[in-house]
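Each chain, written out:
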Amino acid sequence: MVQERQTYGLIRRKGAWSWLDVRGRRLGAWAFALNRLTGLGLVLYLVIHLLVLSLLAQGESRWNDFIALAKSPAFLFLDVVLFFGLLFHGLNGIRVALVGMGLGVERHKTLFWVLMAIGAVLLLLSAWKVFSSPAT
Amino acid sequence: MAEQTVQFKVFRYKQGERPSYQTYTVRVDPRTTVLRALEQIRQEQDGTLAFRHSCFHASCGTCGMKVNGREVLACVTNVLELSTSEVIVEPLDNAPLITDLVVDMGDFYARYQPAGMPMIRESEFLPDSQVPEGVEHHMRLENCIECGLCLSACPVAGSDPLYLGPAALAAAWRMVEEPRGRDPATVLAWVDHEHGCWRCHAAFECSEVCPSNVDPAGAIMALRRELTRRKIGQLFGKR
Amino acid sequence: MATFHVLIIGGGATGAALAHDLALRGLQVTLVERGEVTSGTTGRHHGLLHSGARYAVKDQESARECIEENMILRRIAPESLELNDGLFVAITEEDVAYRDLFLEGCAQCGIPTRELTREEALRLEPNLSPDLKLAVQVPDGTMDAMRIPLRFLATAKHNGAVVKPFTEVVAILKQGNTVTGVRVRDHRTEKEYEIGADIVVNAAGPWSEKVAAMAGVHVPIQPSPGVLLALRGRLCNMVINRLHRSGDGDIIVPQRGLSVVGTSSWVVEDPDNLPVPEDHVQLMYEKGAEMVPMVKQAPFRAAWSAARPLVGERGATTGRELSRTFKCFDHADEGVEGFVTITGGKATTARGMAETTANVVCQKLGVDAPCRTREVVLLPHTAYYVQPD
Numbered sequence: 011m012v013q014e015r016q017t018y019g020l021i022r023r024k025g026a027w028s029w030l031d032v033r034g035r036r037l038g039a040w041a042f043a044l045n046r047l048t049g050l051g052l053v054l055y056l057v058i059h060l061l062v063l064s065l066l067a068q069g070e071s072r073w074n075d076f077i078a079l080a081k082s083p084a085f086l087f088l089d090v091v092l093f094f095g096l097l098f099h100g101l102n103g104i105r106v107a108l109v110g111m112g113l114g115v116e117r118h119k120t121l122f123w124v125l126m127a128i129g130a131v132l133l134l135l136s137a138w139k140v141f142s143s144p145a146t
Numbered sequence: 242m243a244e245q246t247v248q249f250k251v252f253r254y255k256q257g258e259r260p261s262y263q264t265y266t267v268r269v270d271p272r273t274t275v276l277r278a279l280e281q282i283r284q285e286q287d288g289t290l291a292f293r294h295s296c297f298h299a300s301c302g303t304c305g306m307k308v309n310g311r312e313v314l315a316c317v318t319n320v321l322e323l324s325t326s327e328v329i330v331e332p333l334d335n336a337p338l339i340t341d342l343v344v345d346m347g348d349f350y351a352r353y354q355p356a357g358m359p360m361i362r363e364s365e366f367l368p369d370s371q372v373p374e375g376v377e378h379h380m381r382l383e384n385c386i387e388c389g390l391c392l393s394a395c396p397v398a399g400s401d402p403l404y405l406g407p408a409a410l411a412a413a414w415r416m417v418e419e420p421r422g423r424d425p426a427t428v429l430a431w432v433d434h435e436h437g438c439w440r441c442h443a444a445f446e447c448s449e450v451c452p453s454n455v456d457p458a459g460a461i462m463a464l465r466r467e468l469t470r471r472k473i474g475q476l477f478g479k480r
Numbered sequence: 116m117a118t119f120h121v122l123i124i125g126g127g128a129t130g131a132a133l134a135h136d137l138a139l140r141g142l143q144v145t146l147v148e149r150g151e152v153t154s155g156t157t158g159r160h161h162g163l164l165h166s167g168a169r170y171a172v173k174d175q176e177s178a179r180e181c182i183e184e185n186m187i188l189r190r191i192a193p194e195s196l197e198l199n200d201g202l203f204v205a206i207t208e209e210d211v212a213y214r215d216l217f218l219e220g221c222a223q224c225g226i227p228t229r230e231l232t233r234e235e236a237l238r239l240e241p242n243l244s245p246d247l248k249l250a251v252q253v254p255d256g257t258m259d260a261m262r263i264p265l266r267f268l269a270t271a272k273h274n275g276a277v278v279k280p281f282t283e284v285v286a287i288l289k290q291g292n293t294v295t296g297v298r299v300r301d302h303r304t305e306k307e308y309e310i311g312a313d314i315v316v317n318a319a320g321p322w323s324e325k326v327a328a329m330a331g332v333h334v335p336i337q338p339s340p341g342v343l344l345a346l347r348g349r350l351c352n353m354v355i356n357r358l359h360r361s362g363d364g365d366i367i368v369p370q371r372g373l374s375v376v377g378t379s380s381w382v383v384e385d386p387d388n389l390p391v392p393e394d395h396v397q398l399m400y401e402k403g404a405e406m407v408p409m410v411k412q413a414p415f416r417a418a419w420s421a422a423r424p425l426v427g428e429r430g431a432t433t434g435r436e437l438s439r440t441f442k443c444f445d446h447a448d449e450g451v452e453g454f455v456t457i458t459g460g461k462a463t464t465a466r467g468m469a470e471t472t473a474n475v476v477c478q479k480l481g482v483d484a485p486c487r488t489r490e491v492v493l494l495p496h497t498a499y500y501v502q503p504d
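Protein chains in written order, with my numbering: chain B, 11 to 146; chain P, 242 to 480; chain W, 116 to 504.
Honestly, the hints are just simulated from the structure, not real lab data. Don't take every hint at face value.
As the list claims (entries may be wrong) - Which residues of chain P face chain W? A partial, calculated answer using Cβ under 8 Å:
| hint | residue |
| --- | --- |
| 1 | GLN284 |
| 2 | GLN286 |
| 3 | CYS296 |
| 4 | ALA299 |
| 5 | SER364 |
| 6 | PHE366 |
| 7 | GLY375 |
| 8 | LEU382 |
| 9 | TRP431 |
| 10 | HIS434 |
To be verified - Straight line, CA to CA, 30 Å or less: simulated DSSO-like cross-link-like pairs of lysine-lysine:
| hint | chain 1 | residue 1 | chain 2 | residue 2 |
| --- | --- | --- | --- | --- |
| 11 | W | LYS248 | W | LYS173 |
| 12 | B | LYS119 | B | LYS24 |
| 13 | W | LYS479 | W | LYS325 |
| 14 | P | LYS255 | W | LYS279 |
| 15 | W | LYS306 | P | LYS255 |
| 16 | W | LYS325 | W | LYS279 |
| 17 | P | LYS250 | B | LYS24 |
| 18 | W | LYS306 | W | LYS289 |
| 19 | W | LYS411 | W | LYS442 |
| 20 | W | LYS173 | W | LYS442 |
| 21 | P | LYS250 | W | LYS279 |
| 22 | W | LYS279 | W | LYS411 |
| 23 | W | LYS306 | P | LYS250 |
| 24 | W | LYS248 | W | LYS279 |
| 25 | W | LYS289 | W | LYS279 |
| 26 | W | LYS248 | W | LYS411 |
| 27 | W | LYS442 | W | LYS325 |
| 28 | W | LYS289 | W | LYS442 |
| 29 | W | LYS325 | W | LYS289 |
| 30 | W | LYS325 | W | LYS306 |
| 31 | P | LYS255 | B | LYS24 |
| 32 | B | LYS119 | P | LYS472 |
| 33 | W | LYS442 | W | LYS279 |
| 34 | P | LYS255 | W | LYS325 |
For every residue, glycine included, the Cβ atom is placed at its ideal position computed from N, Cα and C.
Just chain B, same shape as in the assembly (with noise of 0.2 Å):
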């Protein structure tokens, strides 16, 4: 399916840092380039997100001490990095999804803004919440 090729010349292959190279680009390349971010940014979240639950087997005193961590201003800001990484890629992804079945393509850009601004409302509440919630 796939025709083996031989190429001459001399080959400057970008690799993966095409991904990320959103110089010259529009709108579409750098919804693809954040998504790969945020992609990859929830899959670290996750290997950290464990480690930190196993810090449950070693004993009440060790949770205790993250909990307090967890609470600081720095970490809840954090968490609402967290948040935006999951809106934007959640998000994003069903744009992706639909215009990857070929449904609104033509209107791709629109839905974008939509769902963004549909992001954006609910990232602006999650904030609050976050902040606003009574520290025990």
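Got chain B; can you put chains P and W on it based on the hints?
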């Protein structure tokens, strides 16, 4: 015409040497295109500068290159409209480099199915006009001028050298949309794999840079829609 | 049996068709071109597949060549041509008065015509000027200016020819009065080397005189540029010509989704460094709009110049006085052996030019091989880049 001077920073590469950038000063007027500026450099300053061109009016697709980081056809890119005092000129990405701004298009063409590529279509322009006697229907050459801008701009093509790419997939869609005697099922089978139409992840840069209204992104999604439709149909009854 | 080696200088339509012809006759062929193939005059023309009607009154030799080659190209290069015919439109009474002369000329040259009333013509092409008086239909068409020569080269390569773009001839080598080859500079490496050949053919278009001078011979070439204007939008499906003696801005050639308005004519010494005079561009708009008023509103795509290689001594003023036919010079007539020049002509007649030249070359070499290019269907242009299995 009012002339101005613009700096051109041009990518240079001769086989056996290391790539570099060379700067030239060029006089331009309000009509000067990047291609004419490159010609001026070659004729008056540096006869070793090699670049591809042919038709001068965006109909042959030969002069594709990156200007200020963006894929364009040099022959229709107006220098002063770029509004930068320095213009950076580089060869296309995702294609092997022969010299300077010259890439090897063999790699681009190898992605098309060896037998058959739609070259000519019925003209959709002036649909209410009558056809002259002796002519069956108005015909015109296809939009795609095989310039390679789409393949250069595609972020997926950068990481997957086996990806068929926007141009080849757009050609496949044209064959499915208007079969011209071929069986659409064979064309669909040709694109239905991990390096075919499913490799695309909706960056849409191909359609953004296409100088010729091909809309490869739309074509790729149309292929996927068609394949999805057929697969669902197969699941539910078309045995 | 050793095969003779022919070296062709120039990778435009002429060189491409010649490489194809000679390769079919079993000769070893190398073609060198200083830039990308067709980057000279060939790639730049508006792509008119001539019916010859344009020359039917003033230049009948050229007209006959055109209609013959038109029919051959339809046979050997299908799928690279937009075959919608063309119209010669009369806008003024002066144009109408030219009609009889025009029809007579076409008949004499074997160019089929069909006269149409104003209403019939407007039904075919609704964008024509309302001042239209009558029109004549002819077998004009649009050819892909770059891809048809590529098809010649693809087929030639398939038959063993070697094509070297970015290979610039810097000297023509001689031994006594015989040309023995060329010295070239490969712009991929900037290294020079020599290529030996039994015959060297100069097919460098408007640069033919510069190349001939390297061999110490003279070719009477008058480079004659013209301005072309490309507009976005296909304003007509048929080629639109003005029904009058050849003049500026009297043709609109549709090409894909573009309309190309042409052309003008002046003479220069140097085929490089062609200017694009602004007044010529404005003239294209004006004259084009006389036939199709929408020309004035169509979005601009490009304006450029291309140099015709006209055969004739210097001294012409605009170039329109010179014939558009082609000429093959065997420089043995000037005492230089092993060197032939083919020049003049038009893209439509490239195959015919190649046939004549290949005949001369084979005669000089004592090779008895007939021309087969009228029948052999050309490979698709993609085969130039990727050889078919």
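Hints versus structure:
A hinted interface residue such as GLN284/P counts as satisfied when its beta carbon comes closer than 8 Å to some beta carbon of chain W; here the least separation is about 5 Å, so the hint holds. Annotation: GLN286/P was flagged as interfacial toward chain W, and the flag is violated, the nearest CB pair being 13 Å apart, outside 8 Å. The interface hint given for CYS296/P is met, as the beta carbon of that residue sits about 5 Å from the closest beta carbon of chain W, less than 8 Å. Among the interface hints, the one on ALA299/P holds; its C-beta lies about 6 Å from the nearest C-beta in chain W, closer than the 8 Å criterion.
About 5 Å separates the beta-carbon of SER364/P from the nearest beta-carbon of chain W, less than 8 Å, and the hint is met. The beta carbon of PHE366/P is positioned within 8 Å of a beta carbon in chain W (closest approach about 4 Å), and the interface hint is therefore held. Of the supplied interface hints, the one on GLY375/P holds, with its beta-carbon coming within about 7 Å of a beta-carbon of chain W, less than 8 Å. For the restraint placing LEU382/P at the interface with chain W, the shortest Cβ-Cβ distance is roughly 5 Å, inside the 8 Å limit, so the hint holds.
With 8 Å as the threshold, the beta carbon of TRP431/P stays out of range of chain W, its nearest partner Cβ sitting at about 16 Å, so the hint is violated. With a cut of 8 Å, the hint placing HIS434/P at the interface with chain W is violated, because the nearest CB-to-CB distance is about 20 Å. A distance of roughly 23 Å separates the Cα atoms of LYS248/W and LYS173/W; the hinted pair therefore holds under the 30 Å criterion. For the hint pairing LYS119/B with LYS24/B, the CA-to-CA distance comes to about 27 Å; that is within 30 Å, so the pair holds.
Taking the CA atoms of LYS479/W and LYS325/W, the gap is near 24 Å; set against the 30 Å cutoff, the hint holds. Taking the CA atoms of LYS255/P and LYS279/W, the gap is about 16 Å. The hint holds against a cut of 30 Å. Pair hint LYS306/W plus LYS255/P holds up; C-alpha atoms about 10 Å apart against a cutoff of 30 Å. With a C-alpha separation of about 20 Å, the suggested pairing of LYS325/W with LYS279/W holds against the 30 Å cut-off.
Annotation: proposed proximity of LYS250/P to LYS24/B holds, straight-line Cα distance about 21 Å (limit 30 Å). Distance restraint check for LYS306/W and LYS289/W: the Cα-Cα separation of roughly 21 Å lies within the 30 Å cut-off, and the hinted pair is therefore satisfied. The straight-line distance between the Cα atoms of LYS411/W and LYS442/W is roughly 39 Å, outside the 30 Å bound, and the hint therefore fails. Our distance criterion of 30 Å between C-alpha atoms is met by LYS173/W and LYS442/W, whose separation comes to about 18 Å.
Restraint check for LYS250/P and LYS279/W: satisfied, since their Cα atoms lie roughly 28 Å apart, inside the 30 Å limit. With a C-alpha separation of about 42 Å, the suggested pairing of LYS279/W with LYS411/W is violated against the 30 Å cut-off. For the suggested pair LYS306/W and LYS250/P, the alpha carbons sit about 24 Å apart, so the restraint of at most 30 Å is met. Of the pairs offered as hints, the one joining LYS248/W and LYS279/W is violated, with about 51 Å between alpha carbons and a cut-off of 30 Å exceeded.
Taken as a hint, the LYS289/W and LYS279/W pair is honoured in the structure, with Cα atoms around 22 Å apart against an allowance of 30 Å. Between the alpha carbons of LYS248/W and LYS411/W the distance comes to roughly 21 Å, so the proposed pair stays at or under 30 Å and holds. Only pairs whose Cα atoms come within 30 Å are accepted, and LYS442/W paired with LYS325/W is accepted, the gap being roughly 17 Å. Of the supplied pair hints, the one linking LYS289/W and LYS442/W holds, its CA atoms being roughly 24 Å apart against a limit of 30 Å.
Pair hint LYS325/W plus LYS289/W holds up; C-alpha atoms about 16 Å apart against a cutoff of 30 Å. Proposed proximity of LYS325/W and LYS306/W is supported: the alpha carbons are some 22 Å apart, at most 30 Å. Annotation: proposed proximity of LYS255/P to LYS24/B holds, straight-line Cα distance about 20 Å (limit 30 Å). Proposed proximity of LYS119/B and LYS472/P is supported: the alpha carbons are some 28 Å apart, at most 30 Å.
A distance of roughly 25 Å separates the Cα atoms of LYS442/W and LYS279/W; the hinted pair therefore holds under the 30 Å criterion. Of the supplied pair hints, the one linking LYS255/P and LYS325/W holds, its CA atoms being roughly 27 Å apart against a limit of 30 Å.
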